[in-house]
Each structure stands twice: as C-alpha cells, then as structure tokens.
Amino acid sequence: MLSDTESNLMKTLGLGQAEWKGMKFWERTSFVVDPKGVIRKVYEKVNPEGHEKVLLANIEEMQAKAA
Numbered sequence: 001m002l003s004d005t006e007s008n009l010m011k012t013l014g015l016g017q018a019e020w021k022g023m024k025f026w027e028r029t030s031f032v033v034d035p036k037g038v039i040r041k042v043y044e045k046v047n048p049e050g051h052e053k054v055l056l057a058n059i060e061e062m063q064a065k066a067a
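So the sequence shown is numbered by the numbering used here: it starts at 1 and just counts up by one.
Watch out, some of these pointers could steer you wrong.
[Stated by the list, open to error] Listed next, the in silico DMTMM-like pairs over lysine to aspartate or glutamate satisfying Cα-Cα at most 25 Å (straight line):
no. : residue 1 : residue 2
1   : LYS21     : GLU44
2   : LYS21     : GLU49
3   : LYS45     : GLU27
4   : LYS24     : ASP4
5   : LYS53     : GLU27
6   : LYS24     : GLU49
7   : LYS65     : GLU44
8   : LYS45     : ASP4
9   : LYS36     : ASP4
10  : LYS41     : GLU27
11  : LYS45     : GLU60
12  : LYS53     : ASP34
13  : LYS11     : GLU27
14  : LYS41     : GLU61
15  : LYS36     : GLU6
16  : LYS11     : GLU44
17  : LYS21     : ASP34
18  : LYS11     : GLU61
19  : LYS65     : ASP34
20  : LYS41     : GLU6
21  : LYS41     : GLU60
22  : LYS45     : GLU6
23  : LYS45     : ASP34
Honestly, the hints are just simulated from the structure, not real lab data. No experiment lies behind these values; they were computed from the predicted model shown.
All chains, please: the whole structure from these sequences, using the hints.
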C-alpha cells in the first residue's frame with residue numbers, strides 16, 4: 001500500500017484531477033505492482049467500498065496464472 005501525499009507518482013503517471021464545487025482533487029486510483037516493480041493492473045475512479053475484495057481476487061488470479 002502506498003500513499004502519494006505529495007502527488008509525485010500521480011503527476012508522473014499523468015493521472016487527471018477532478019473538480020467538484022470549485023475544488024480540484026485526485027481521483028482514487030489503485031495499481032497492482034508485481035515484485036519487479038511492473039504495473040500489472042490499474043483501477044481508475046475507484047469506489048473504496050469493497051475495492052479490497054476486487055484487488056485481492058485479481059491478485060490471486062494473477063498469482064495462479066504465474067504459477
């Protein structure tokens with residue numbers, strides 16, 4: 001789990017910002033990164049409710065394919 005509090009990663013990856021009531025904010029985005037540092041999957045505009053279940057299922061699926 002990584003928190004990009006200075007927005008460095010989001011800016012580097014070119015992720016956009018949304019605007020709501022005149023305020024800009026970064027949309028929630030999750031990445032699955034393998035042990036070699038390769039981004040394997042990107043989830044944009046994430047609803048955090050229940051997202052961990054989707055992430056875990058996808059990671060388990062990727063691990064099964066790699067085995």
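(request) Check each numbered hint against the structure and report the violated ones by number, ascending. (result) 17 and 18
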